[in-house]
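S.K.: Sequence:
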Amino acid sequence: MKRTKWLVPALAAAMLAGAGLWGSSAEATVMVELTLEDMARDAVAIVHGRVVRTGGHLGIRDGSAEPFTVTTLDVIEWIKGPGGDRIELREIGGELGGNRGGMAIDGVPNYDVGEEVVVFLENDPHGDFYRTYGMVQGKFVVLHGVPGVPDTVVRDSEAVTFARWTEGRMVLQRGTQEAMALETFLDAVAGALRFAPPRIDTPDVTGEVSR
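The numbering used here puts the last residue of the sequence shown at 602; the count rises by one with no breaks.
Everything labelled a hint here was simulated from the structure, so no lab data went into it.
Idealized CB from N, CA, C, for every residue including glycine.
Fair warning: there could be bad hints in the mix.
[Stated by the list, open to error] Ranges between beta-carbon positions, derived for each pair: (1) Gly559 <-> Glu479: 37 to 47 Å; (2) Glu479 <-> Glu569: 25 to 35 Å; (3) Met561 <-> Pro538: 38 to 48 Å; (4) Asp465 <-> Val545: 18 to 28 Å; (5) Gly505 <-> Met561: 31 to 41 Å; (6) Val504 <-> Arg560: 37 to 47 Å; (7) Gly475 <-> Met561: 35 to 45 Å; (8) Arg441 <-> Asp578: 39 to 49 Å; (9) Glu549 <-> Gly505: 15 to 25 Å; (10) Asp465 <-> Arg560: 44 to 54 Å; (11) Val537 <-> Phe586: 29 to 39 Å; (12) Phe586 <-> Thr557: 21 to 31 Å.
Start from the sequences and build out the full structure, keeping to the hints where you can.
M.R.: Dropping the structure here:
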């Protein structure tokens, strides 16, 4: 299968080289770059939707405070996986209201209300929620062109560094903003899904996952 041009083939994994502290920002998040085809195959679900709400929350895990961000999407289309009209994503980190601080982690995607996105999803290992697969690699913002200009998707990976293989050795390269025509993007995803094995995880209306 032809690999999508601006996503370099790499191992289907992500490695975090830094972790954030409460009230601070994580640095030097390094990850192996995923191809669009690998993400389409390995994601539990893929959703085209619009962000309607996002906000920081504080949870307690193992006796320690942990901030997380919950983002709600109105679903335009389930590209992979059946589901309802609305889902919730939960990402680690985020800003809390007032002076309660927060935790920023480079590589964890931010969602803004009103954004139209295509999101690759995986299960949160600590609960029955979704989170973005591949961190920032799994979030694509849809931009609609003026008449005569094609719609595009944009992925912003400037906050991370990719480990890439060049001439038999690994090099580290800062991520960039990458764009692709929306039609080309969706065709590449559809082509990858034709060869993808079925998943046994099924999302429901709330974004929780039935096993």
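S.K.: Going through the numbered hints above, which ones does this structure break? Give me the numbers in ascending order.
M.R.: Of the numbered hints given earlier, the structure breaks just one, which is hint 8.
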